[in-house]
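Trainee: Sequence:
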Amino acid sequence: MSLDTITIPHYFVADDQGFDPSGLARNPWFADAVAGGPIAALIGHIVEDAGFDPDFEICRLTIDILGIVPRTLLVPRIVPVRQGRQAQLHRIELLAGGKLVAQAHVLRARHLDTPEFSPPQPHPAPGDVAEDNFLIGASMAGAIKTRPIMGRVREPGRGVSWMRMDGEVVSGVRTSPFVKACLFADFGNGVGSATHAHEWSYANLDISVQFLRMPRGDWFLIDAHTEGAGNGHAVAQTVFADEDGVYAKGTQTVFVGPGRPRD
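Counting from 1, position 23 in the sequence shown corresponds to residue 22 in numbering that gives the first Met the number 0; the numbering is continuous, with no gaps.
Misleading hints may appear alongside valid ones.
As the list claims (entries may be wrong) - Once the Cα atoms are required to be at most 20 Å apart in a straight line, the calculated DMTMM-like pairs of lysine to aspartate or glutamate come out as: (1) Lys144 to Glu130; (2) Lys248 to Asp15; (3) Lys248 to Glu198; (4) Lys144 to Asp165; (5) Lys144 to Asp127; (6) Lys248 to Asp63; (7) Lys248 to Glu226; (8) Lys144 to Glu154; (9) Lys98 to Asp205; (10) Lys144 to Asp205; (11) Lys144 to Asp217; (12) Lys98 to Asp31; (13) Lys98 to Asp63; (14) Lys98 to Asp15; (15) Lys98 to Asp54; (16) Lys144 to Asp131.
Bear in mind the hints are in silico, worked out from the structure with no lab data behind them.
Could you put together the complete structure from these sequences and hints?
Mentor: Laid out in structure tokens, this is it:
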């Protein structure tokens, strides 16, 4: 088989109007919807492809998922919000059939040489951890590899795992570390879940990532846990690292509701 006939797993196919989701982008709970991870990754691709001023670095990305995102053509729109000398803010919108279904705000600060205050990263390197099926059904047709250190998806408690994604977010486009980091920014809610899914479900309402720097390399570590006050919502908190150390910290607001019975 020639390389030309090999199909690389991907979430979207681009055309002149927008991005058409593949079957791999499907939401596990709704057959005709797109999952949060592919949405976040697509927004990362749009941000990276926007041609923003290279003298500014991304320091925060927040994503609001405005209900169920239908598995249909998603059309992007970029709106400048702030164009300052030290900081710039843009809003990224995704529309389906003319309706706004998700939006993101990317805050960028001018690059300056300043003192470094690196947070600790006490976990073993990915080469020292055995590969295992940590994600249970969310492996992007085998394109996402995991090397778990602690916990497991669908088991309550803190979860820590190295992850690697060798697929494409947009077909035919090499996926950068930043775009992969946007994909994994959605995983904290599942990796660090607080209860069994058949007891209580945790629907992701948003994603917020504070970048210390841009991620590097192929392996990404997620160290996540969830906290809540028993009032219908909770916060998933995640530390993100690569082999050089911590590159970001993030949160997700999650809506807590009755779980689904096991089959």
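Trainee: Starting from the hint list further up, note which numbers the structure goes against and sort them upward.
Mentor: 2, 3, 10, 15
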